[in-house]
Amino acid sequence: MEANTSQPVNDDQIPTNTGQYLIYSLTGCVIIVILSIITLFGNSVILITIWKTSSLHSASNILLSSLAVSDLAIGLVVQPLFIVYLLAPLGSELLHVLSIFLSTPSLMIITAIGVDRLLALQFHLRYIQVVTPLRVKSVVSFIWLLSAAIASSKLWAGYFFYLIPPATFLCLLVANFFVYSKIYCVVRRHRRQIQQQQQLQQGSNDNVYRILRLKKSALKTFLLCIILLLCYLPYSVCIHLLMLRAVDSISASVLITTITLVFLNSTLNPLIYCWRDSQIRAAVKQLFYSLI
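Using full-length UniProt numbering, read the sequence shown as starting at 1 and increasing by one per residue.
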């Protein structure tokens, strides 16, 4: 039930008339309820923190806020709908369309964050001029409009509706590979420059520190991308196997486990934001201290 879903799981492809399914579905409901609560809390904290802290009103954090909105919507809408699906396993077109609409931005925004870090490394002296809040807001608006178009394609694209999400997923995978390969090359070049400056005892210490900080931020952003892919990939593989008729059915345990992994990503992201950015981490602490 996510951005790279190729085709909805049909009811006849999931054995639901067994005692095992009841056990798995009830267990899944309990786990997803817990994940939903944590997801809502964590992403709400991130959004409130960024909104209340003026020093966090940067172009980069506009992307982060949009990702948090996507995760918050998944916890608020998609996860409860999937619980209903588990309790009454009927085909849910609404669930499928909303899953695509609310989850597609995740990988797109992760890609945009990677591009943002690449631009910060390449234009670290002119970054603020190149990446402006207005431009980032335009990118975010385009991402959500494109996600809406992909989700609504079910109304007009016929069978091609099932091909659009995997094609989008593949394009974003290629884009991420290119972006982080480029980041790796830029980091290597900066490392050589820093070593040369240190040998010649030239260059500003502030400049060296800024480059090292950007390098660290880019590497942590890469981890954010890897975790998203690890959470989404198992379910994507299962759905593609069904679409290609490589398997006739998918077990309830596999379905519930892989979709729970997708939901887990929305739960983990706020923790990754705090670990990735010391300013956000400090602002979150300050928010909690102010409430005590």
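Some hints here could point you the wrong way.
Straight line, CA to CA, 25 Å or less: simulated DMTMM-like cross-link-like pairs of lysine to aspartate or glutamate [claimed, not checked]:
| no. | residue 1 | residue 2 |
| --- | --- | --- |
| 1 | Lys215 | Asp277 |
| 2 | Lys285 | Glu93 |
| 3 | Lys154 | Glu93 |
| 4 | Lys137 | Glu93 |
| 5 | Lys52 | Glu93 |
| 6 | Lys137 | Asp277 |
| 7 | Lys182 | Glu93 |
It should be emphasised that the hints constitute simulated quantities derived from the structure, not laboratory data.
From a predicted model like this one, the values you see are computed outputs, not experimental measurements.
Against the structure, the hints:
At most 25 Å may separate the alpha-carbon atoms for a hinted pair to count; Lys215 and Asp277 meet this at roughly 13 Å. Restraint check for Lys285 and Glu93: not satisfied, since their Cα atoms lie roughly 41 Å apart, outside the 25 Å limit. For the suggested pair Lys154 and Glu93, the alpha carbons sit about 9 Å apart, so the restraint of at most 25 Å is met. As the CA atoms of Lys137 and Glu93 are separated by approximately 30 Å, the hinted pair breaks the 25 Å bound.
Restraint check for Lys52 and Glu93: not satisfied, since their Cα atoms lie roughly 38 Å apart, outside the 25 Å limit. Note on Lys137 and Asp277: the hinted pairing holds, with a Cα-Cα distance of about 21 Å set against a maximum of 25 Å. Of the pairs offered as hints, the one joining Lys182 and Glu93 is violated, with about 39 Å between alpha carbons and a cut-off of 25 Å exceeded.
When the structure is compared with the earlier hints, violations turn up for hints 2, 4, 5, 7 and for no others.
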